[in-house]
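Trainee: Using the sequences plus the hints, can you model the full thing?
Numbering (mature numbering (1 follows the signal peptide of the UniProt record, and there is no 0)) for the sequence shown: -23 to -1, 1 to 643.
If you are wondering where the hints come from, they were derived from the structure by calculation, not from laboratory data.
Just to be clear, a hint being listed does not mean it is correct.
[To be verified] EDC-like mimics (lysine to aspartate or glutamate), calculated; alpha carbons at most 16 Å apart, straight line: (1) K599 / D366; (2) K597 / D366; (3) K480 / E498; (4) K513 / D493.
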Amino acid sequence: MKTNFTKISIFTMLLFIATACNNDDDSTVVVVEPTCNDGIMNGDETGVDCGGSCGPCEVISNPGRRADLYVTNNTDGNIFKYSISGDSLVTYTTSSTAAEGIHYDAESDLLVQASRSGLMLDAYAGTSTLGNATINTSFSTFADLNSPRELAVSGDYYVVSDNGENKFFVYYKTGTSFSLYYTIEIPFQLWGITFKGNDLYAVVDNSSDLAVFSNFIANAIDGTMMPSKRVTIEGIVRTHGLTYSGSDDVMIMTDIGAASNATDDGGFHVINDFSTKFDALSDGDVLPVSMQTRVAGSSTLMGNPIDVAYDSETGAIYIAEVGNGKVLGFSDIGDGGNLTPSFNMDLPTASSIYFSSEETDDNTGMSSMNQTTRLYTTSTNNGNITVYDGTGALLKTVASSSASSEGIYYNALSDALLLGSRSEGEIQYYSDFMSVMNGGIATAAFAGDLATSSTREIAVYGNKVVVADNPANMFYVYSYTGSAFTLENTFDPGFEVWGITFKGDDLLAVVDNTSDLAIFENFFTNAMDGSITPTKRVSIAGITRTHGITYSASDDVLVMTDIGLAAGGAIDGGINVIQDFSSVIEATTDGGTIGLTDQNIIEGISTLMNNPIDVAYDHKTKTVFVSDIATGAVLGFSNALTTSGNVAPDINNTLTSASSLYLYNN
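Mentor: Right under this line is the structure:
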């Protein structure tokens, strides 16, 4: 339900005062201390001290439900508690001089703050009955932290995200003490975190990405921990804060925009029906902005919204705005846009924010369910689409509207399959694909004409499709809806093309007839047709001639195939696996070479690889799949991050003229 706040007339308030002073049993009248305001948290409050239930009191109001905002800051380290329904503000003065990360446990009346000045968690017991007060720590952790940014709590486990060293510090609370259970290294820059059931969600700082660590506490270990899945939230420039509501199944993420602009380019994104949308996304996929609600613009007063909280009872969203030094609230989000905050309070360097009420406390919902791995494959011998599970077992074979295909992608958000048809010279869209039974025939719902009839690969980013066409050696960029493809751009990269894949919004492309990799950073910023130049082009040591490429967002692994010599029937193919790819490519200069020491290579006669034309990677099992067009097989190599050399495939499925692969892995 929605809670409405109305101003109380002076006459009505005087009646309340009289009633309060003459009827000790009237529990509906509450004296608000230490400040009494106008009944609406609109930023105009100055606060009037109330003397007591029958003493000189300026204002008495009924605060209604408990609905409290706890906000930290990096100016003085104090904790500010805003009573939304009671329209009051309490300041807890702490020994910290800067803080970020806060949680309140109403059941035990325990307030916990991450101190950036003390580099520890501080717990404060029994704060609920206090007015403005200096509070002393009841217990603390050791000074383990480096640069705490957020605190997420699951039961008695307290997880701190620390971006000084990009680590999770996992503490367990027993009675009146904390114990450090795990120190976990994370392979990306950290900021906001929140629990959804047993799963821990984390924003990827300096990006628009969201990562999840499934069953986090059970899987936690000292050392490096990779996310279970990482996806891109389209429309966000740089994310920082996030929060999740289980009752409403809504995830909210903040966008600070450009770090250089702390005044007016911030916003937040509301993702309703979050479980359905996120669970449908494959690792590395993009959640289209059309499936979100964005609030941003000059009227919002958001320049650097560093954290966010949500009241599922009223639908209100609260923001800690560090750039403009404010605590903001937004109601009636609707379709989003340039909204004016309904709650506006000044708080210099506001950092983390936590909303607490009986309805919302511990409202983390359920963990993600129904995780699936499916491998979609094509053939240039016929237009069949063959689907396997993660073990290589055949699920179904479906005939298509194509007689020869190369380039495939499956979109679980709309149950649509995109196919590059070499025979028809089209990119085709098949709706309701998973409902087609084994042995059935799928008919393309619509198609987009290609300039030539030699697609080699397609790469998808949200509603954008890039087609690599190698007779013309061009990239064709289409947008698509559920009813049509639209050709947006035609680009000449200046080299022979084959395999392509996305890493975020960077397009990675193999350079055919070489061992080179070309990278086009922020690919979609290219708006004019014509020649484009890669941001960086490097060689991959050990490759004779490359064709296939794939990137894993969760594992930060790049895999490229080596077809060896195109002529002849020699088993001279291989796969080159590059772990920690982001760091490796950053350290490699334009025109440089990624050396053998940075790779794990599987090759040799036992591999059965002759001409591995495309590749897919399963981050859950560390299995690399290849389609070998010459051998006529779909092969799988398990433990590909550690196994190297002349090894036999663990999976060997016959598929005549096997061409492209797409691994759906949610």
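Trainee: Each of the hints needs a verdict: does it hold here or not?
Mentor: Outcome of the hint check:
1. K599 / D366: It holds: about 15 Å lies between the C-alpha atoms, which stays within 16 Å.
2. K597 / D366: 13 Å, holds
3. K480 / E498: Satisfied, since the Cα-Cα distance of roughly 9 Å is no more than 16 Å.
4. K513 / D493: Distance of about 10 Å is within 16 Å: holds.
Going through the hint list in order, the structure satisfies each hint without exception.
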